[in-house]
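Engineer: Here are the chains, one letter per residue:
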Amino acid sequence: MTAAVTQDLSTDLRLRLYRLQVELRESEQRAYDLFLQNLVKGTSHLSLGQEAVAAGFAAAMEPGDLTFCTYRGHAHTLARGVPIEKVLGELMGRDNGLLRGKGGSMHLTSVERGVMGSYAIVGAHIPIACGAAWRAQYKGSKDITVCFFGDGTTNIGAFHEGLNLAAVWKLPVVFVCENNLYMEYTPIGKVTAVPNPAADRASAYGLESILIDGQDADIVYRTAHAAYDKARSGGGPSLIECRTYRYSGHSRADPAKYRPEGELDFWRGERDPIRIYRERLLQAGFDEAALREIEDTVRRRVDEATEICKAAPPPSPDILCTDVYADGGSAWRN
Amino acid sequence: MTAAVTQDLSTDLRLRLYRLQVELRESEQRAYDLFLQNLVKGTSHLSLGQEAVAAGFAAAMEPGDLTFCTYRGHAHTLARGVPIEKVLGELMGRDNGLLRGKGGSMHLTSVERGVMGSYAIVGAHIPIACGAAWRAQYKGSKDITVCFFGDGTTNIGAFHEGLNLAAVWKLPVVFVCENNLYMEYTPIGKVTAVPNPAADRASAYGLESILIDGQDADIVYRTAHAAYDKARSGGGPSLIECRTYRYSGHSRADPAKYRPEGELDFWRGERDPIRIYRERLLQAGFDEAALREIEDTVRRRVDEATEICKAAPPPSPDILCTDVYADGGSAWRN
Amino acid sequence: MAELTYRDAVARGIAQEMERDPDVIFLGEDIARAGGVFKATVGLVEKFGPLRVRDTPISEQAILGAAMGAAMTGLKPIAEIMFSDFIAVCFDYLANQLSKSRYMTNGQVKCPLVIRTANGGGFRFGAQHSQSVENWCMMIPGLKVVAPSTPADVIGLMAAAVRDPDPVIFFEHKSLYPVKGEAPDGEIVDQLGVAKIVRPGANATILALALMVPRALAAAERLKSQHGIDCEVIDVRSLVPLDTQTILASVARTHRVFTVEENPRLCGWGAELVSIVVDEVFYDLDGPPLRITTPHIPLPATDVLEDQAIPSVDRIVETIRRSMHA
Amino acid sequence: MAELTYRDAVARGIAQEMERDPDVIFLGEDIARAGGVFKATVGLVEKFGPLRVRDTPISEQAILGAAMGAAMTGLKPIAEIMFSDFIAVCFDYLANQLSKSRYMTNGQVKCPLVIRTANGGGFRFGAQHSQSVENWCMMIPGLKVVAPSTPADVIGLMAAAVRDPDPVIFFEHKSLYPVKGEAPDGEIVDQLGVAKIVRPGANATILALALMVPRALAAAERLKSQHGIDCEVIDVRSLVPLDTQTILASVARTHRVFTVEENPRLCGWGAELVSIVVDEVFYDLDGPPLRITTPHIPLPATDVLEDQAIPSVDRIVETIRRSMHA
Ligand SMILES: Cc1ncc(C[n+]2csc(CCOP(=O)(O)OP(=O)(O)O)c2C)c(N)n1
Ligand SMILES: Cc1ncc(C[n+]2csc(CCOP(=O)(O)OP(=O)(O)O)c2C)c(N)n1
Ligand SMILES: [Mg+2]
Ligand SMILES: [Mg+2]
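Chains A, B, C and D, in that order, are what the protein sequence lines are.
When you read off a place in the first sequence, starting at 1, and then add 1, the result is the number in my numbering.
When you read off a place in the second sequence, starting at 1, and then add 1, the result is the number in my numbering.
When you read off a place in the third sequence, starting at 1, and then add 8, the result is the number in my numbering.
When you read off a place in the fourth sequence, starting at 1, and then add 8, the result is the number in my numbering.
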């Protein structure tokens with residue numbers, strides 16, 4: 002892991018990275034509160050603690066670039082500019098949700114914003130992301146595709162097939178492994194043949210081994226940028242492993258008792274991405290009031306979004322059978 | 002690839018390796034002749050040219066060790082001592098066949114001889130072999146499991162899942178990649194991200210990279226022996242890539258026109274495993290008459306086997322619905 | 009007699025078989041130390057140790073492949089596929105491998121194993137974590153398919169499945185995990201291929217499975233009390249082997265049949281059962297056999313939509329009432 | 009009008025669509041330089057180049073995943089799965105991904121793609137290379153399922169499938185590849201969801217698909233000439249969308265229905281069609297609807313056994329004759 006060098010990042014960009022991380026943190030925290038209030042339907046998988054990864058990769062993307070993520074996708078969806086109320090609304094199963102409640106928290110999608118879906122079958126989206134990148138290559142368009150997944154995902158077959166295809170076809174796709182140390186409840190090291198589940202496998206696809214500190218948004222941003230440039234200029238795919246940590250349990254049902262004492266405190270303390278970034282900005286001479294202003298604005302937006310969602314009705318039962326087929330319906334017969 | 006060192010192999014073993022290779026060659030050649038005479042039903046996948054791999058790995062196995070192979074499994078089945086007529090009979094769809102015609106050439110199995118099946122879905126048997134090895138580990142029995150597959154198989158998901166599981170659980174299984182340079186008709190290099198499809202991926206499973214000359218039965222035998230010893234003594238799995246070549250097309254329907262001019266001649270000439278081995282034996286002072294005697298005996302056995310098969314009837318229609326379930330029948334209802 | 013949940017019955021059923029036979033081993037994702045994501049396997053690793061209760065990587069093909077290899081060579085594995093939807097990522101093992109190897113090898117290879125998996129809707133998990141996929145398995149020759157609806161059946165059918173010499177898919181219903189029921193003390197061993205008449209009735213036969221059994225029962229009560237239609241409710245329990253004797257005898261008595269299933273409409277097990285009925289007792293029927301199913305759609309996530317999709321007591325009542333012209 | 013084989017019709021159908029629309033791309037194993045293992049795609053890479061006709065690794069999940077990703081973002085991929093049995097190794101894409109993404113995303117994501125695959129028996133390839141798996145796909149909401157029986161239908165239905173905005177599974181029958189038929193010159197564009205009455209008849213309706221169509225026709229001829237039973241034969245062609253109008257109208261006219269399918273018995277498409285018929289035109293039926301299927305067994309390899317397993321003209325004739333008491 003290289004040290005953060007921040008000089009060449011613009012002031013604007015640095016504030017944007019900070020704002021984004023705060024927004025992801027506050028939104029996820031709110032999702033958790035709403036769950037405690039029994040207002041979130043179904044399951045949810047929070048990214049608390051993993052904000053730097055989502056913020057850094059998204060900030061380095063251009064409009065038109067594509068995101069593929071997993072059920073743990075709230076942060077990646079928000080980071081592409083999808084309004085908070087559309088995400089919270091979907092979690093709450095309201096008609097104003099991104100998918101009007103049809104998909105739920107595990108399938109957040111905003112084609113408009115380039116979020117081409119959240120996938121709940123581990124690894125399935127890796128080949129799908131290849132296909133999106135293949136389209137760009139075939140059409141000669143300059144967009145790139147970014148595909149996020151967890152450490153546990155590196156042990157499933159679709160990972161292997163997708164990585165090999167991307168490498169052989171030199172596709173403009175960037176694979177991002179968020180290694181948060183656990184698959185569901187099992188430590189990743191117990192079920193994986195190599196210590197770094199993605200980085201130690203890059204060579205199996207002829208790719209460079211890249212392992213970075215996922216708690217440092219600047220490092221993430223720079224790494225992302227380099228990989229995107231390479232992809233855009235025909236250099237093919239990258240596989241980037243980010244060391245990170247999730248503060249909450251795997252999903253809403255999980256109290257995460259399997260973690261060793263002190264582990265959470267360590268990460269939430271000195272390894273917290275927002276704390277790290279805030280301190281760096283202050284040290285670099287940014288005005289604390291400006292940071293407070295960002296934090297307050299974000300909180301207001303999250304509050305507003307929450308109210309919008311609470312006021313929103315559930316979807317109409319009429320949409321139960323719509324949009325199975327392209328004609329808008331579900332008729333399987335003439 | 003290391004040079005062959007033969008001193009420490011016993012005379013008996015060396016003759017056995019020779020005999021085995023000749024037997025595989027003659028049997029496969031006969032299968033091809035029978036196909037030309039329209040006596041082979043369905044498809045068939047010959048191992049002509051790949052005899053040293055099958056002979057070397059089988060000769061190093063103990064009774065009770067287990068073989069898992071693919072549709073290209075005639076040689077591996079014969080190498081464990083399954084009678085030639087049982088293999089040819091199955092290819093010809095006769096009642097005397099190993100499976101009475103129910104399985105066909107792609108599913109040769111002899112539980113009695115430790116041949117736990119030939120599998121026709123690429124890669125499927127890799128996790129299955131893990132399970133057999135897991136049983137040995139759990140039961141504390143000393144047998145090992147050997148799993149053969151092709152270069153093209155390294156790109157399918159099941160390969161990845163099986164290799165990782167075997168490594169994590171330290172299973173007594175030896176994976177053997179027969180790299181014959183082609184998947185079906187496509188050169189393996191065109192669809193694989195690394196030059197050596199298995200050896201270059203061993204590190205992704207924390208395994209040593211092993212790449213050997215698959216045309217030299219002595220090298221194969223020694224490598225097999227070392228891997229088996231390691232597996233038997235609790236050292237976990239090995240992944241061994243053998244460079245080899247198939248002389249015929251992928252399957253009976255394939256004239257193999259996609260191969261560059263001269264390639265077949267090169268392999269069939271100076272790289273032929275039987276020629277290599279015969280010359281080595283002669284140089285080491287073995288009597289040519291003894292080798293001729295082996296060759297003649299094998300040919301006689303293949304002739305006899307052929308006659309047995311030609312005389313054998315097709316299976317009775319009565320077996321159509323037997324052995325779907327353990328009660329011997331196929332009743333799905335009471 | 010003890011009261012226990014369907015969830016606890018799973019652990020008890022597995023423990024009963026592991027205690028009896030040291031060749032029974034159990035593998036799956038997060039099943040050991042964590043006790044399973046549905047907490048249905050809590051305590052097993054403590055009781056039987058990490059060599060018999062084994063956490064795996066996220067590798068469903070490796071899970072089923074390893075189970076098959078172990079079964080072929082003498083063990084009796086129980087493999088968990090966490091959600092039945094994930095059968096799709098390891099379907100080759102079900103469809104082409106463990107179901108067919110006995111036949112293909114002329115009886116040489118045996119695959120005595122159990123695949124248990126959480127099936128069905130009700131948790132607002134959306135389209136990839138809520139499906140009922142009994143039909144994906146019923147259509148594959150060589151498999152046996154079981155789906156208990158009560159805690160006692162969980163234990164008894166688990167025992168029957170583990171002791172069966174063929175591969176058995178054991179569908180546990182997610183929404184039944186918290187449901188309580190009575191179970192006798194001591195060993196419980198049931199039989200595959202035996203349906204249960206859980207409510208006798210004279211006017212029509214309702215065939216149901218898993219979560220649809222309590223719904224069919226509730227519907228039958230209402231049909232009786234409000235509409236005077238007396239339905240016989242059969243808990244099919246086992247799709248393969250199928251207890252056609254009990255089913256056909258009931259239809260021959262009642263002259264009408266309705267199936268209630270969570271499968272989406274096309275090619276569900278209801279279609280198979282209806283086809284068997286019309287093939288074999290056509291002339292006993294007084295009216296069309298009807299299927300009550302989830303519509304042919306992916307499952308929606310949010311509650312108002314999911315509740316509408318899966319057959320409800322209301323829908324069962326309405327369909328039967330209308331069809332019986334009451 | 010030209011005579012061509014079913015095999016050549018595949019390449020012609022794909023070429024017709026690739027010529028029309030530069031967004032149509034084609035991928036699969038050994039499809040380009042080698043022209044496919046069934047030689048059904050010979051000449052395409054020469055005509056359209058290696059960027060549009062692309063050989064892949066042995067990675068069926070990557071093939072379907074890549075096709076889906078390309079379809080979602082604007083292309084119209086045709087993906088080959090060499091043998092339909094291999095659908096089992098990439099079933100997640102069919103069952104959970106490309107079929108469901110439109111619904112789950114409230115209509116945002118579109119998946120206009122075609123998966124073509126060699127289906128069915130007759131080549132003595134054994135249990136893992138001979139299956140008919142139309143039912144594996146028909147049961148999945150969101151998919152369309154097509155299975156042509158003639159060269160002209162191959163071209164026309166391929167065009168319809170490629171131009172369709174939904175994912176379509178296109179089952180080519182291995183045993184039909186060498187069969188010749190007439191096809192009009194020039195562009196051929198057919199329609200999904202339209203069955204064809206290939207032989208009108210008054211006494212019974214036979215519903216068949218793919219290789220079973222010529223067999224049903226031969227059986228109908230024999231039933232007529234030898235037993236005086238005049239059967240209407242319907243080539244169903246498209247299982248989803250299903251032409252229930254043509255089917256139900258025919259049954260209402262003939263009062264009897266028989267399905268002929270290669271699917272193993274349980275939960276085949278025959279069960280679905282029978283269930284629809286009894287649900288909707290029960291009172292028009294003069295006798296039980298019967299299914300003529302492969303028995304519920306894995307397919308055997310050798311000729312004498314395979315020929316016995318798959319419905320034959322003899323078996324169709326016998327079943328219908330006996331059921332019609334002729
Ligand atoms: C094919 C499949 N197997 C299992 C699951 C259940 N499951 C959901 S998330 C998860 C853990 C994934 O771990 P990782 O890839 O590290 O991602 P993280 O949740 O840590 O972000 C598992 C096992 C699934 N959704 N899909
Ligand atoms: C899952 C799957 N995909 C495709 C095939 C078709 N197929 C049979 S053999 C083969 C090539 C395998 O190549 P390799 O692993 O190198 O083995 P070889 O035939 O060269 O011994 C292919 C693609 C298959 N049987 N299974
Ligand atoms: Mg993780
Ligand atoms: Mg090969």
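Bear in mind the hints are in silico, worked out from the structure with no lab data behind them.
Nothing here was measured: the structure is a model prediction, and the numbers come from that model.
We treat Cβ as the ideally placed atom computed from N, Cα and C, and that holds for glycine.
Any given hint could turn out to be false.
Restraint ranges, calculated between C-beta atoms of paired labels, are given here [what the hints assert, rightly or not]:
hint, chain 1, residue 1, chain 2, residue 2, range
1, C, D311, A, E289, 57 to 65 Å
2, D, G51, A, A332, 36 to 44 Å
3, A, E305, C, I205, 34 to 42 Å
4, D, V197, A, G329, 19 to 27 Å
5, D, G57, B, D297, 53 to 61 Å
6, D, Q253, B, P261, 52 to 60 Å
7, C, G236, D, S233, 36 to 44 Å
8, C, D311, A, P261, 53 to 61 Å
9, D, D193, B, D266, 27 to 35 Å
10, B, S142, A, L265, 28 to 36 Å
11, D, R41, A, E305, 54 to 62 Å
Engineer: Does the Cβ-Cβ separation between S142/B and L265/A fall within 28 to 36 Å?
Structural biologist: Roughly 43 Å apart at Cβ, these two residues miss the hinted range, so it is violated.
Engineer: Between the beta carbons of Q253/D and P261/B, is the distance compatible with 52 to 60 Å?
Structural biologist: holds (57 Å)
Engineer: Between V197/D and G329/A, is the Cβ distance one that fits in 19 to 27 Å?
Structural biologist: At roughly 23 Å between Cβ atoms, G329/A and V197/D fall inside 19 to 27 Å, so the hint holds.
Engineer: For the pair G236/C and S233/D, does the Cβ-Cβ distance stay inside 36 to 44 Å?
Structural biologist: For G236/C and S233/D the Cβ distance comes to about 54 Å; the hint is violated.
Engineer: Against the range 53 to 61 Å, how does the distance between the Cβ atoms of G57/D and D297/B compare: consistent or not?
Structural biologist: holds (55 Å)
Engineer: So the hint says 57 to 65 Å: do the beta-carbon atoms of D311/C and E289/A match that?
Structural biologist: Since the Cβ atoms of D311/C and E289/A sit about 44 Å apart, the hinted range of 57 to 65 Å is violated.
Engineer: Per the hint of 54 to 62 Å, is the separation of the Cβ atoms of R41/D and E305/A within bounds?
Structural biologist: Taking Cβ atoms as reference, R41/D and E305/A lie about 59 Å apart, which means the hint holds.
Engineer: With 34 to 42 Å as the target window, see if E305/A and I205/C comply at their CB atoms.
Structural biologist: Roughly 58 Å apart at Cβ, these two residues miss the hinted range, so it is violated.
Engineer: Could you tell me whether the CB distance from D193/D to D266/B stays inside 27 to 35 Å?
Structural biologist: violated (46 Å)
Engineer: Quick check on a hinted range of 53 to 61 Å for D311/C and P261/A, using CB atoms only.
Structural biologist: At 37 Å between Cβs, range violated.
Engineer: How does the Cβ-Cβ distance of G51/D and A332/A compare with 36 to 44 Å: does it lie in that range?
Structural biologist: Cβ of G51/D to Cβ of A332/A: about 38 Å, so the range 36 to 44 Å holds.
Hint check: violations occur at hints 1, 3, 7, 8, 9, 10; the rest are consistent with the structure.
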